[in-house]
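Peer 1: Residue numbers (our numbering), protein chains in the order written: chain A, 1025 to 1157; chain B, 1025 to 1157; chain C, 1025 to 1157; chain D, 1025 to 1157.
Treat the hints as calculated values from the structure; they're not laboratory data. No false leads were mixed into what you were given.
Listed next, the in silico EDC-like pairs over lysine to aspartate or glutamate satisfying Cα-Cα at most 16 angstroms (straight line): (1) B/K1036 - A/D1071; (2) C/K1036 - D/D1071; (3) B/K1036 - A/E1133; (4) D/K1036 - C/D1071; (5) B/K1036 - B/E1101; (6) D/K1036 - C/E1133; (7) C/K1036 - C/E1101; (8) A/K1036 - B/D1071; (9) C/K1036 - D/E1133; (10) A/K1036 - B/E1133; (11) D/K1036 - D/E1101; (12) A/K1036 - A/E1101.
There are 4 protein chains.
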Amino acid sequence: MTIGPIIDTHPKPTSLDREALVRCIDECIACGATCTGCADACLAEPDLADMVRCIRRCLDCSDICAATARVVTRQTEVELAVLRALVETCAAACRACGDECQRHASHHEHCRLCAEECRRCQQACEALLAAIG
Amino acid sequence: MTIGPIIDTHPKPTSLDREALVRCIDECIACGATCTGCADACLAEPDLADMVRCIRRCLDCSDICAATARVVTRQTEVELAVLRALVETCAAACRACGDECQRHASHHEHCRLCAEECRRCQQACEALLAAIG
Amino acid sequence: MTIGPIIDTHPKPTSLDREALVRCIDECIACGATCTGCADACLAEPDLADMVRCIRRCLDCSDICAATARVVTRQTEVELAVLRALVETCAAACRACGDECQRHASHHEHCRLCAEECRRCQQACEALLAAIG
Amino acid sequence: MTIGPIIDTHPKPTSLDREALVRCIDECIACGATCTGCADACLAEPDLADMVRCIRRCLDCSDICAATARVVTRQTEVELAVLRALVETCAAACRACGDECQRHASHHEHCRLCAEECRRCQQACEALLAAIG
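Kindly produce the complete structure, drawing on both the sequences and the hints.
Peer 2: Here's what the structure looks like:
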């Protein structure tokens, strides 16, 4: 799944770099979904007490990625200041969640996958910010 | 992007059919994102006054698909009655949105793409319901 | 906070019963917020292992209430079949979450408050369904 | 409705200022709901073409407020850097949306109410940021 084809049909596209925009949206969608899944898998782990911080980071990252995906998808009447602040926040949430998931990556495969996805999303957010300038 | 790998790492997977489950989640994620994009593209069309119903259907479908994707992703302590009611609601929302988008498919490419995605998501929801029994 | 004043300013209000509509939206908003808080408080309880089902019910109920609040708030071009299915689903989610929270009401005050809110929201959803007919 | 009672029952409350925290959450919940209502009312106005930017600002503000309300509600294992970035983003989204709604306040009562709510939410976000330091 990629948001690319829908973005390409917008009647008044923004001047933002198309590849950076699409990649950021795609990764926010993937990261939001992955974090929902990781939080739920953590909830069923035998070492649940050690997973509390990871669950909290995943719930936050999922909510922030979902909101970011929606806002960045919208091309109509873009407000760059809000877009930039939100994408920066999303990068920070992905960093915090990825760091915590990484701590559990060796014993929980969902945390390993989630840490990887958080890194990809963080980088896609940073690449969009660099493209905005 | 597919939620499959994360679903496969859950420590206590449900007995629900794995393919139907993953397909339903993937399509809900794709349809929620597509509807956000279609509502926004409609908002920038010259024939905006004719797109009001389409925007409304897309906003609803996006919200319902996003909630459905999250709930169906969660494998821990599943409550089948709620899951079934929500997936049925999602199928109904996709049908209503797909029907409306189809009416604009010949003159707005985003509506054509969105109508197709709504059909796929509706079918994936129905297939999961059939698998649940 | 009540959505009433905003609902009253809609240029093309629906024929739905105004009091039932506003009450349903207000309770969905309150219940969505309460369930987010209860899930988070459960996550910090010493008897965390006993709260897993409660956390899962609260996360689902929060997502479903939030989506329902948005869809029911929208008065433009209402599609009654989707509205009805969603409000029924929301009532079911509130019942499931309220039942589980009630089991912990004697030892966790947030669960007692959340069970009460889930009951109010369930009743508000059922009252709106009765008003729709 | 206020999140206060649920926040007060958290077993491990944060050291954040309780009044500033509760006010920020309450206003984010109210603003998210109000913006959903305003976007929908705008969609039904006869001067729809003039309301496109307002609809877009309201949709963004609603998504960002909803995510912020959830993240700020969570008291377990708080990550201050993410919290601060998100609350700053929310204040920016409320400012942008309130400014646009204010432009239509004299001819659309929902825009007047929404502009007021956006100001209250912006101030509540800024007050929480000041309390965090």
